[in-house]
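The primary structure of each chain is shown beneath.
Number of protein chains: 2
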Amino acid sequence: MRLSRSFIPTLKETPAEAQIASHRLMLRAGLVRQTSAGIYAWLPLGFRVLKNIERIVREEQDAAGAQELLMPTIQPAELWRESGRYDDYGEEMLRITDRREREMLYGPTNEEMITDLFRQSVRSYREMPQILYHIQWKFRDEMRPRFGVMRGREFLMKDAYSFDMDYAGAVVSYRKMMLAYMRTFQRLGLKAIPMEAESGPIGGDLSHEFIILAPTGESQVYFDAAFEQIDYLPRGGGGFSHDNADDLHRFFTQMTTHYAATDEKHDLAAWEKVAPEHRREGRGIEVGHIFHFGTKYSKSMNCTVAAPDGAKVHPEMGSYGIGVSRLVGAVIEASHDDSGIIWPDSVAPFKAVIINLRRGDAVCDAMCEALYARLGNTALYDDRDERAGGKFADADLMGHPWQIIVGPRGAAAGKVELKRRATGERTEVTPEEALGRL
Amino acid sequence: MRLSRSFIPTLKETPAEAQIASHRLMLRAGLVRQTSAGIYAWLPLGFRVLKNIERIVREEQDAAGAQELLMPTIQPAELWRESGRYDDYGEEMLRITDRREREMLYGPTNEEMITDLFRQSVRSYREMPQILYHIQWKFRDEMRPRFGVMRGREFLMKDAYSFDMDYAGAVVSYRKMMLAYMRTFQRLGLKAIPMEAESGPIGGDLSHEFIILAPTGESQVYFDAAFEQIDYLPRGGGGFSHDNADDLHRFFTQMTTHYAATDEKHDLAAWEKVAPEHRREGRGIEVGHIFHFGTKYSKSMNCTVAAPDGAKVHPEMGSYGIGVSRLVGAVIEASHDDSGIIWPDSVAPFKAVIINLRRGDAVCDAMCEALYARLGNTALYDDRDERAGGKFADADLMGHPWQIIVGPRGAAAGKVELKRRATGERTEVTPEEALGRL
Numbered sequence: 001m002r003l004s005r006s007f008i009p010t011l012k013e014t015p016a017e018a019q020i021a022s023h024r025l026m027l028r029a030g031l032v033r034q035t036s037a038g039i040y041a042w043l044p045l046g047f048r049v050l051k052n053i054e055r056i057v058r059e060e061q062d063a064a065g066a067q068e069l070l071m072p073t074i075q076p077a078e079l080w081r082e083s084g085r086y087d088d089y090g091e092e093m094l095r096i097t098d099r100r101e102r103e104m105l106y107g108p109t110n111e112e113m114i115t116d117l118f119r120q121s122v123r124s125y126r127e128m129p130q131i132l133y134h135i136q137w138k139f140r141d142e143m144r145p146r147f148g149v150m151r152g153r154e155f156l157m158k159d160a161y162s163f164d165m166d167y168a169g170a171v172v173s174y175r176k177m178m179l180a181y182m183r184t185f186q187r188l189g190l191k192a193i194p195m196e197a198e199s200g201p202i203g204g205d206l207s208h209e210f211i212i213l214a215p216t217g218e219s220q221v222y223f224d225a226a227f228e229q230i231d232y233l234p235r236g237g238g239g240f241s242h243d244n245a246d247d248l249h250r251f252f253t254q255m256t257t258h259y260a261a262t263d264e265k266h267d268l269a270a271w272e273k274v275a276p277e278h279r280r281e282g283r284g285i286e287v288g289h290i291f292h293f294g295t296k297y298s299k300s301m302n303c304t305v306a307a308p309d310g311a312k313v314h315p316e317m318g319s320y321g322i323g324v325s326r327l328v329g330a331v332i333e334a335s336h337d338d339s340g341i342i343w344p345d346s347v348a349p350f351k352a353v354i355i356n357l358r359r360g361d362a363v364c365d366a367m368c369e370a371l372y373a374r375l376g377n378t379a380l381y382d383d384r385d386e387r388a389g390g391k392f393a394d395a396d397l398m399g400h401p402w403q404i405i406v407g408p409r410g411a412a413a414g415k416v417e418l419k420r421r422a423t424g425e426r427t428e429v430t431p432e433e434a435l436g437r438l
Numbered sequence: 001m002r003l004s005r006s007f008i009p010t011l012k013e014t015p016a017e018a019q020i021a022s023h024r025l026m027l028r029a030g031l032v033r034q035t036s037a038g039i040y041a042w043l044p045l046g047f048r049v050l051k052n053i054e055r056i057v058r059e060e061q062d063a064a065g066a067q068e069l070l071m072p073t074i075q076p077a078e079l080w081r082e083s084g085r086y087d088d089y090g091e092e093m094l095r096i097t098d099r100r101e102r103e104m105l106y107g108p109t110n111e112e113m114i115t116d117l118f119r120q121s122v123r124s125y126r127e128m129p130q131i132l133y134h135i136q137w138k139f140r141d142e143m144r145p146r147f148g149v150m151r152g153r154e155f156l157m158k159d160a161y162s163f164d165m166d167y168a169g170a171v172v173s174y175r176k177m178m179l180a181y182m183r184t185f186q187r188l189g190l191k192a193i194p195m196e197a198e199s200g201p202i203g204g205d206l207s208h209e210f211i212i213l214a215p216t217g218e219s220q221v222y223f224d225a226a227f228e229q230i231d232y233l234p235r236g237g238g239g240f241s242h243d244n245a246d247d248l249h250r251f252f253t254q255m256t257t258h259y260a261a262t263d264e265k266h267d268l269a270a271w272e273k274v275a276p277e278h279r280r281e282g283r284g285i286e287v288g289h290i291f292h293f294g295t296k297y298s299k300s301m302n303c304t305v306a307a308p309d310g311a312k313v314h315p316e317m318g319s320y321g322i323g324v325s326r327l328v329g330a331v332i333e334a335s336h337d338d339s340g341i342i343w344p345d346s347v348a349p350f351k352a353v354i355i356n357l358r359r360g361d362a363v364c365d366a367m368c369e370a371l372y373a374r375l376g377n378t379a380l381y382d383d384r385d386e387r388a389g390g391k392f393a394d395a396d397l398m399g400h401p402w403q404i405i406v407g408p409r410g411a412a413a414g415k416v417e418l419k420r421r422a423t424g425e426r427t428e429v430t431p432e433e434a435l436g437r438l
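Residue numbers (our numbering), protein chains in the order written: chain V, 1 to 438; chain Y, 1 to 438.
The shape of chain V in the complex, shown without the other chains (with noise of 0.2 Å):
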């Protein structure tokens, strides 16, 4: 993309409504604008991201054989009377009438959309297990919407929903959600620590968070290093197999054997027994939320499946939760300078900028254009008529993973200088050498 035709408004001054580093940076590299109390609008940088983290949950939900499906925003109060929770949800729930004065709600959650479609379709213990799941906008009324998308209003929530015969079944499906887990945030540059938790108004009785650590992070975090050295990704034969009930229970075994806690459940004399060179401490972020609940919905909404004896069984169930937009606030947080952003390769909206110093110097201009033509969609050209002090500031504000400066000195000798955003590091090279190095 053209930087100078993009809608891309970066503002030079921060925001004085903005009270955390992503939020600042995210409306001051133009990624987003508010439009509403805690509703917001992506603009192109912004949507580019959300659409690459989307992407990596898309596919780490695939692999783990969840089948994607997409359920509507606005759902029939009905539902919700079916498993009480229509009254308890309180004024967090977005309630509205339509013309004909029948109730609705847009929906925070669907546990119980999820199952009046799996009671519909679903009979026989020989469709069993399955694992479903959208990727779509839901509202939550915040009192006190605040920290940009980190707690917006509408927001892009990935909920999985498993359905199994039995307990031993619904563990299985709860350990390869979590495998799925850690591997979505190892890929999208992020340190993720599952965090055993209350499960709250969803119920149920095993149920994990999963903290990523961030410097600016909203809460305190205490955990083993051995969640540091552990590679979840199947890759050089490393990693776990969601196929292999031997590898997920080593991998369950894992995640809850060594020390994990935020300061709410911190509990001392647990941690005294870790070893002092593997106590790890810092601040974290929640970003999902995984729950075991049993027969809670599939009773209360009668929903039931034939076992081979032709008893009928309610299904065991669990939901995984992951904030896909509140992720983007995340991935700032953990991974931010003073200057500006500095996107992990995997969720970058540009891999590169090539920044022109000298326009309307033909050999500038000339080799930008053929960088830009190899690079294409994945690169924006940073072919403002602005000075240099202000394209350095706006790439490092964007946080590109790669900078390529063609300024008229280097191009008259065939050279470009190739920047790494996250270690500052410039080295002097043909173009052809800069777009191997990417």
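These are calculated hints, taken from the structure and not from any lab test. Worth double-checking, as some hints may not be accurate.
Which copy is meant is left open, so a pair is good if it fits within one copy or across any two.
What the hints assert, rightly or not - When the alpha-carbon atoms are kept at most 27 Å apart in a straight line, the in silico DSS-like pairs for lysine-lysine are as follows: (1) K351 <-> K51; (2) K351 <-> K415; (3) K12 <-> K312.
Chain V is fixed; fit chain Y onto it per the hints.
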């Protein structure tokens, strides 16, 4: 995907509430389920089609130089008061009051919001022109939602908005979008005819709607056969370029010179001037609408851009909509038979279904598994314990472009039967030849 383990609930009976072919077939083939009046959940098979259509729409918008962003579903009432449409819109607008008694609404369209984002961000003619689009769920609280996803309440729409410094520029944007639309529909396997239209409640003086031909369409259309012969796609030197003003002019002249009208606007005198062998009649479905509406919103919402002489100019705007979820129904209306759906290759949820006629037969099983391993996620593997008749019927109903039929006799001789859904043509080939044909 293995059909035995997938969430594809086909129905044997025709649902009584479905009045048109696409609605019946979408329910029977397990593409969607209604969750409230006019609101649907997209099950895995339907979701894949929706995503394929969305992808083609997106690629053609991007190719035309439009930039993708994503606006939220919930909008503040104030914006609509600025343009004066808040009261005009009537009961079709889903109006919402949040917990702080703020008036909100579920967006039926986005002219106001995009104008607001634009006026905050773009200051100078140097950043012009711009075409911005998003693909987002909309809500129109129809009095009588019907015909399945063809006239639903919550529906997915691609809406683009153009901003130009003057009328001449706006005409270029309008033509670019028109070309993008004709390419989009051609890639979807549809025959589309652009028709001059009233611009309706959006206002403006230049407007076309796009009708696709379908034997079961909602309106009668009359058009010149010339439309059937034009290739809009840029391949083999044909088609038209977005970036060439002469091409765009030649394209637009063709689109507006040849006769085309729905029965409401049918002009017998003009029709008689069409050469008899060029006269075509058929049924059609509206799937897109484009408008130039000048400065209606930029003036009422005080959106200006500085011209080269410093004067503040109200941008000339246009809007361009495609009903993405409606297109799923429209494609089926255009392409089905008594047995079920016939997906065009470009939108099919799976390229092929592998039908195992004798599960448990070692040779059949091995051959099916080998084919499935090669085709991966692009194929559906019917591995169910069902009789052959049921599998054939479901394959025809779901409409996969190819069926690879593996029976014990053929398999023993190293052969499969390859059936093309559209023609019914069957040929006996080796598995390797079948893969080659796909």
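Inset, instruction - Check each numbered hint against the structure and report the violated ones by number, ascending. - result: Going through the list in order, the structure violates no hint and respects every one.
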